[in-house]
Amino acid sequence: MLVKVLASMSEKPAIYLDSNAGAPLHPRVLQALIPFFESNLKPFPANPSSIHSQGRKAKRLLAEAREQVAFSLGDQVDPEQVLFTSSGTEANQLAIRSVFEPLFNSVKSPHWITTPVEHDSVLQMVDWVKVRGGEVSFLPVDETGAPKMETLKSLWRPDQTRLVSCVWVNNETGVVSDVLSLAEFIRSQGGVFHLDAAQAWGKVPLDVRKVGADFIALSAHKIGGLSGTGALWVKPGRPVQPLLLGKQEKGRRGGTENLVGIIAMGAAASGIDALVWSDLLEPLRDRLENAICQRIPGTRINGKGARRVANTLNLSFDGVEGDGLVMALDLAGYSVSSGSACSSGALEPSHVLLALGRTRQQAMAALRISLHNRESWDALEKFVSTLTEIIMRMRTAATPS
Amino acid sequence: MTKAIKNTKVLVAMSGGVDSSVTAALLKSQGYDVIGVHMQLWDHGQANLQRFGGRCCSVIDSNDARRVCDKIDAPYYVINAQDVFKDKVVDYFVHEYLQQRTPNPCAQCNNQIKFNYLFQKADELGCDLVATGHYAQTSQDATSGLPRLLKATDPQKDQSYFLFGLTQKALKRTLMPLGGIPKIMVRKMAEEFGLTVAQKADSQEICFISDEGYKDFIEKRTAPALRPRGVIQTKEGSIVGDHDGLFRYTIGQRKGLNLSVKDPDKYFVTGFDSARQILFVGPESALFHKEMMANHINWIRPQNGIQGLRCKAKIRSRHEESICRVTLFENDTVHVEFDEAQRAITPGQAVVFYQEDEVLGGGYIHSVGPTKEGAHK
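If you read the sequences in order, they're chains H and E.
Under my numbering, the first residue of the first sequence is numbered 1, with each subsequent residue one higher.
Under my numbering, the first residue of the second sequence is numbered 402, with each subsequent residue one higher.
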């Protein structure tokens, strides 16, 4: 019976509950791109470096997008401090390289402090720093997954520590780190602060002057832009070590600009209002959380008790292990996520949940639901029913007969 | 099956090879609700990015399977089975060699992973059936109504030997649609279905062992104390060489012994003394035995009180099955007596019993001869 129910559900369009992986396209993006493509038919060769009128037009669109992104980062933010990249990953790695690259020749064992719950793009740099003679320490996290800021002092090495990298909003649990106190201490010690704001952009009010970071990494598809676009905000005076050499982006990032992606990012950034977004989604998320906890015994909320962004819900279910849950939900027509996928497409246990003390099998079975602002409660109520059925089925399957 | 094919959900185990791809396409064309699943069993690391013939679980294999599912419009998932595969297959493989046994990891993988772990996944995903691209057939026993396991019609490709561990519970839910189709037809069907894998090379060798070979593989994963060196002796007691660990040798092996005797080509590995780490060698005639014990026996259809059952037995995948008598003891142990002495009965290898085309069951060879100690000492 259940099989039939699920089969009929899968014929309906999927309900998308994975906004943290990639938000649905912001309506303003289409509004901006349609005229762009239409004017392109005329033709409109889109190389912003060309001297002719079309080139100047492209350059103007680029500048406008840069202003839109800058405006989303607070009042009076200089657009020239916004550097476009291919992704949040590139923005993160560019920030870390920019600090460390010059240090390897001048400082003995430069020291980097980061956390075990960073995005993979930051954790990938741990080996990069280590093989070049640098040293890395990890800020421990509490039981909610929030980095313990008070331990920063004990990890700090006055002669060695140069950079702290910290994720503002964790992509899996939605937990918000206390970056303000972090920034204050780093500034008092004269260190550099790199903030990964990929999941924070659009979800928490962002004002670069209040945050007190030196580098802020952003990602376009998390706010309803196109994937393949990101940005790095760089504090005035901070040098950048380019990954790609070239004249674009004032010599800080070579390669002809991804004009379509950048226009889309600007348009999406212009639609950001973190407070309105939160007011809309928080009641929906809390209602969903309560409904699931009521219907499914043995539900654990990962990150409960910490400050979380309004749309994210990360759950573990007792007796449900391994990687079947996301697939079963997909077959039933619901798009959610769990852990992170390796290159073959297999799920790996979430390093964030491992850092919270979950086992490998539990860390693979955690469910991340991330809402966007066009979901109705009716759809979510049906989701809870399906989820309940699947969890019960998985618990039965896991019991040896 | 009472359920209409149309509403039957089938999990198809897809390696990315031509057989499982045709299985998926065939079942889809018959109207089944196909869900493609690729099991990531082993991380080949950098080698992942190269097409290297005959070994699976690379990213390329996963992508090949994905493209087949795109083509037939079936959902496709990659399941991470690395932990369970390492635990049940790779560690077993290493342990067996360290105990002077020659393991059969493919049979073990079928028993533990494909027809066990994968069925659990099928339950989780709400699938009624599981299908594989194995060359073997199922049918229903006319009197009891129980499912039977049969050889494939293509004797060259028959894989029933590796499936002796199937239980009734699993068999009832298993589809192996290629069992009645010759391999050459399967490739033609792949082309007709428009599958990109139609000309892909067949898999060979052991999937988790790359060009390094099994000896290096085991050495990398075990402490030297577990695989001490020792001497090579004849049955008569004369020492004729040294060995670098008993795990490096298999019953019947002739090459690579480096013996200090007159006619080294006439010596074969005949047995081990694991307590004293002695490798025994002898003439080829010493390899022939009529009797053996096997354990961990699984009967496909329930069997009771077998006393001198006449059937045929196959003692390795390339062995020509031979007539024997089987007597069942407690603890799923059997005594097997062949009509004619068999060459190189090898502990650790699977023995599978056949009557005509039906697989009765099988287990793992424990020792040669009627006693637990074996005939080598």
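Hints may contain errors.
[Said to hold, decoys possible] Each pair of labels, with its calculated beta carbon distance range:
no., chain 1, residue 1, chain 2, residue 2, range
1, H, 127, E, 471, 30 to 36 Å
2, H, 39, E, 612, 54 to 60 Å
3, E, 624, H, 245, 45 to 51 Å
4, H, 102, E, 471, 54 to 60 Å
5, E, 585, H, 132, 52 to 58 Å
6, H, 245, E, 471, 34 to 40 Å
7, E, 471, H, 52, 57 to 63 Å
8, E, 471, H, 373, 28 to 34 Å
9, H, 132, E, 676, 51 to 57 Å
10, H, 238, E, 471, 43 to 49 Å
11, H, 283, E, 570, 56 to 62 Å
[Claimed, not checked] To give an idea of the interface, some chain E residues facing chain H are shown, with a C-beta separation under 7 Å as derived from the structure:
no., residue
12, 461
13, 463
14, 474
15, 478
16, 522
17, 547
[Unchecked claim] Sample of chain E residues lacking proximity to chain H, with all beta carbon distances greater than 12 Å (derived):
no., residue
18, 417
19, 499
20, 585
21, 617
22, 624
23, 632
Keep in mind that the hints were calculated from the coordinates and are not lab data.
Beta carbons are placed, not taken as given, at the ideal position from N, Cα and C, and that holds for glycine.
When the hints from earlier in the document are held up against this structure, which numbers fail? 4, 7, 11, 12, 14, 17, 18
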